[in-house]
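Since the structure of chain A is provided, determine the placement of chain B on it from the hints.
So the sequence lines, in the order shown, correspond to chains A and B. My numbering numbers the first residue of the first sequence as 1 and each following residue consecutively. My numbering numbers the first residue of the second sequence as 1 and each following residue consecutively.
A hint or two may mislead.
Under the rule of at most 27 Å between Cα atoms (straight-line distance), these lysine-lysine pairs were calculated in the DSSO-like manner [claimed, not checked]:
(1) A:222 to B:131
(2) A:314 to A:401
(3) B:131 to A:168
In short, the hints are calculated from the structure, not lab data.
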Amino acid sequence: MKNILFPCKHLCLLLLTLTPFLIQAQKSDSTRTDLGNISGNFQTDFQYYRYDSLIGTPRVPEKTRMNGFLNLNYTRGKFRMGTRYESYLNPILGFDPRFVGNGIMYRYAGYTQGDLDITVGHFYEQFGTGLTLRSYEERNLGFDNALDGVRLKYNPLPGVYFKGIVAKMRSFFTYGAGLIRGGDGEVLINEVIPAWKEGKVRWSLGGSFVSRYQADEDPIYKLPLNVATGAGRTMFAVGGFSLLGEYAYKINDPSATNNLIYRPGDAAFLNLSYSQKGLGISLSAKRIVNMDFRADRTAFGNNLNINFLPALTKQHTYRLITLYPYATQPNGEVGIQGDLSYTFPKKSALGGKYGTTLTFNYGLIHSLDSTLRTDELGYDTKFASIGEKLYFEDFNVELSKKWSPKIKTILTYIHLDYNKDVIEGRTGFGLIRTQTAIVDFSYKISAKKNIRAEFQHMGVKGDMGSWAMGLLEYTIAPKWFVAVWDEYNYGNPDDIKKLHYYGGSVGLIKNGNRITAGYGRQRAGIFCVGGVCRFVPASNGFSLSVTSTF
Amino acid sequence: MKITRFYAVILILSGIFFSLNSCDVIEAPYTESLVAPTDTGDTSVAVRKVLLEDFTGFYCGTCPPASEIAAALDSTYADRLIVVGIHANFFADVSLHSAPYNSPDLRTPAGEEYYNFFGISSNPSGMVNRKKVSGDLILSKNAWASAVANELALQPELKIKLQPQYSANDRKLNLSATITYVKPGSIYDKLVVLITETPVTAAQKDYRLPSPSNILDYKHKHVLRANINGTWGDILNTTVPATGTAVTKTFEYILPAQVNPDNVHIVAFVHRQTPDSQSDINREVIQAEEVSLK
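Only chain A is shown next, with the shape it has when bound in the complex (with noise of 0.2 Å):
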């Protein structure tokens, strides 16, 4: 809580525990000693609203709406400290409102002392592929999960790794309810039996262990203090083989995302992969039952959750196809993705002389074989069956090719099955199919000059209709970009919604510094998550955004 309160105490219990760095830094100079390093990063971004009946924007009393921080790192030798401060003076539209105001949520120290490594304060952290534990940050998207507490890695032997923590996380300016203790150990097998370490084979062993403990203040209730989940994990390979699987079980734990339900909670991750010169495969597959795992159980939306359940669908860049990305189901469901990426050598005949490079991916989501129980447990459910509901489908081949030194097209096809109902928790939009099919051109125009054009078209069954959209782009090495675009839904059922939504961008960037300037129309969207829904408003505005990096 004093975080937020006194946000300029802990600035100054920094710099003043810098001080002596600093100064020693001044000396150096003369005495030419290692005085460490200060690096960071900044970021910016201002908002101007302005109200447009015709997309339906929110009037913004502020008019005006900024996302800023900035990152400080400090290493010396074995020794490093840090801080983060951020500034939400509103958080912009599309953010969670609970962001707003100034503060420091993330302060650390640590040092690394023989085998041993010590973080105090803030820190990110992962046990294996996240099934049990993933702390990290997205400040794009507004999420971020620090832990603040005390970590230690040990490395007792040559391959054999133990992280430990206890930690409270972060939310928002404040704190998760829970107390979230963990552990997890790896041993790298060829590193620890001497025979095998020049052999071909590669083999790793893991296990994870986190707990939560909350008070059960609930009247009705009877709920789980302490709920633990723990996870085992493999990773095998030879050759150009490789061969990763997790497994992690989690102990009963109602909470507000899986409507109160006793029943335990499992995940299971596969994945493998071959990869040779020109050539790379991947097969995964997994299944979820009742995972959801957070540092509170009345926590809802995207916060405080302490593991990470993988996508496993392709994240598509493409502009239109956005509108409809997968978003995992951590109460259940069951899925595989494939991808393939193949270069066809240079000179062949389809490598041409510059060489050609083709990728299919194809993933599948389905939901799980189970069935409805009359008590607390919530449902059962078969491992070795799937269910019937289609959740998500996505066939996409990509297209790449130089023709010259001077022209590059990538052509991309996209046939993509969204469940809104199930991804959004909502009902009365059933399955949504999609076609999407995009050019992307490229032309240099000198060594410095060089100019892209995107046309994408989109069909829809269902949901707002066919959009179609074209964007051109302009940049001189290495400075400037300058870039227009509109996407126009000229399919919606409802004619006053056949809208254009527009825009343009002009950026710059010069010794570390990336300055982008923007203006354009933000088509508006409901994000659901868990059956609580956020709707994120149309915007028409002014957008500015620095980067900069020391």
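Showing chain B alone in chain A's frame:
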């Protein structure tokens, strides 16, 4: 060096050991029988009552289960819990969602202001006495029961007595509200008086139903219809009131035409707007009261 290593091993091993013991498996039955709160203080003088504000909207298909939790708590705690259903923002905006809803506009200027001021971002969500629980002011429906129980266990600080007189001919309400302090009060205390209506029959989305998930004659409960003395109410004291101080406020109010007087309740609550430089959303409710209009 060796000592550090020794301690590290001990720490990690003990961490693992404690973690392994850190799980509580609960067996059926999973529920506890609800116990009425122990009365605090002299109940003949004052009884602690709690305000639950439920932010909802007819287009919010995940909201009916939350209203059901509010109703269950309301029936458990009877007159000690006062529920106000606030229809506000996107999910209550009739201009955005027309047929087949044709719902009356249940939004109110005060409800909109509460929604924006307290930073509500998703529905359903609520506040219990506008007080933070583990740092969160906005509570999900599953957090309401424990927050209400905790608030009910606190000592009352004052008593609100409401005496309405309603004239059906001109739909005029004369209301007298008397606040009697049973503990020393504060100059930051404000009294808010509003009216709610139960039921209001209108459309509601409920995603538990098959598509298109509409209930056209849903009975909305405790619907905030209007604030009688503005969004933030009237200042009660100019000096710190001592124990025993009584303050009476009177109000004259014409009932809006769209409200059925037979279904109206008058809700009054005192909130304390303590100055707080970093958090200007501090509006903790310290006592509430509810009476029927007639």
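Going through the numbered hints above, which ones does this structure break? Give me the numbers in ascending order. Failing hints: none at all.
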